[in-house]
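Each chain is listed here by its residues.
2 protein chains.
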Amino acid sequence: MNYKAILQYDGTRYRGWQVQGNTDNTIQGKIETLLTRMAGEPVEVNGSGRTDAGVHAAGQVISFRCQTDRTPEDICAYMNQYLPEDICVLSVEEAAPRFHARLNAVRKTYVYRIWNAPVRPVFERKYMTWIEQPLDVDAMRRAAELLCGTHDYRAFCSLKKFKKSTVRTVEEVNIEHLGKEIRISYTGDGFLYHMVRILTGTLVEVGEGARKPEDMSTILMSMDRANAGKLMPPEGLTLECVEYEDNLKK
Amino acid sequence: MNYKAILQYDGTRYRGWQVQGNTDNTIQGKIETLLTRMAGEPVEVNGSGRTDAGVHAAGQVISFRCQTDRTPEDICAYMNQYLPEDICVLSVEEAAPRFHARLNAVRKTYVYRIWNAPVRPVFERKYMTWIEQPLDVDAMRRAAELLCGTHDYRAFCSLKKFKKSTVRTVEEVNIEHLGKEIRISYTGDGFLYHMVRILTGTLVEVGEGARKPEDMSTILMSMDRANAGKLMPPEGLTLECVEYEDNLKK
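Chains as they are written, first to last, in UniProt numbering: chain P, 1 to 250; chain R, 1 to 250.
Because the hints were derived from the structure by calculation, they are not lab data. For every residue, glycine included, the Cβ atom is placed at its ideal position computed from N, Cα and C. Don't take every hint at face value.
Covered stretches of chain P, going by a simulated chain R footprint (3 or more residues, C-beta under 8 Å) [what the hints assert, rightly or not]: (1) 3-12; (2) 81-91; (3) 123-131.
Next comes chain P alone, as it looks inside the complex:
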């Protein structure tokens, strides 16, 4: 049977989503170890995408195949019973035989949270990046509009060599100012390596007055990483949700 599950995790103490060699301090590693123990046979887990070390997920989607007599609800309960307190499973359901969490994802939303206040955050310190200087949110919104659309985003990617297309469609960049929090949501069909954190760093530099909103188009067209802003730290970033074509939901 093929399954789809939705996970949440606090990425603070992990080396990211993807299994890396022998070090098992990854979310994928934790999940695969657990499902392998449950099924009594090796289970491979596919995530909708990798999240970097320190990045969180409120709605990471995974798919995996395994043979078990348990119902999806039982699998979910089993996983939550043994997972550490910083990872949980929101739901498990049977999926169409060809469903694959990464290959079939059509839309993802990431949220970058900034604590913009003179005093650092205490309760949200693991989920927000602190910026003391007041940011010009209106200027950031004007810049964000220019970053949307279908473009080659390689200027906003940390990789230096590209084997695959670096063209992506960013449908929306929404910036909310909620008290001391500035919350930037990015929705698109996919994001390059470090892309959300570099887009955010560039928007922050606009908010600081160091760049103008209209510079965004020039940066995009330059296709040169050196022209974009800084890479923001991972703790402010959360993978919010992943969407699939309706006919693959089940």
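Once you have looked at the hints, place chain R on chain P.
Chain R alone, transformed into the frame defined by chain P:
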């Protein structure tokens, strides 16, 4: 000079507010050590009240006397520079000579947060108590009304011997249902030892159907701890704010 300051802290890794013997793992201990170092002479800090081990504060108020050439803003910046990431100072101001954070407090608000959902909280796990079974919030609200007023609250106190009055005025118990969170705010002129956590435990038992709202009056009148509900764990509790008479604010 006499000062008033407002603090926030994540109480997770502390043994509570109050200095206890040699063990310095208390919030008061951290603050006194820091101010003593800053002033070059012993500084004694008075909090508006003790918070227990594991309890948080979003607006703990303190007062302290010290001689320094620094402005209140400089004291605030100095403290935030050296405090650990789970404690911060929101503000420091000069206070009236007779201002005392505990003796002059006229109103306090505590918030108890419950995560009421089938799956445990990941991001809010250190600030909420998880209750899986759906609670009847309407019944809890009816019970909460009966707990307000001016009463002898010793049935809701963990102490067994009382030297001082156990009469308090609870002005309001407000229960909000915000998605998966049930947020109970208590406002009153003061609270006995463990009182907010026992009131919450009793309300939770009403929400579970194990007690009726109208039992609250009987419990209050019995003045017997054995008749009230369980003591809730500390991590769900936050001291939200402390109010003073206007003429003592400065």
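Check of the region 3-12 of chain P against chain R for coverage (Cβ-Cβ below 8 Å, three residues minimum): holds (count 3)
Per-stretch coverage check for the region 123-131 of chain P, three Cβ contacts closer than 8 Å to chain R: Coverage by chain R holds here, the residue count being 3 at a Cβ distance below 8 Å.
Coverage claim, chain R over the region 81-91 of chain P, checked by counting residues with Cβ within 8 Å (three needed): Per the Cβ count (6), the hint holds.
When each numbered hint is compared with the structure, no violation occurs for any of them.
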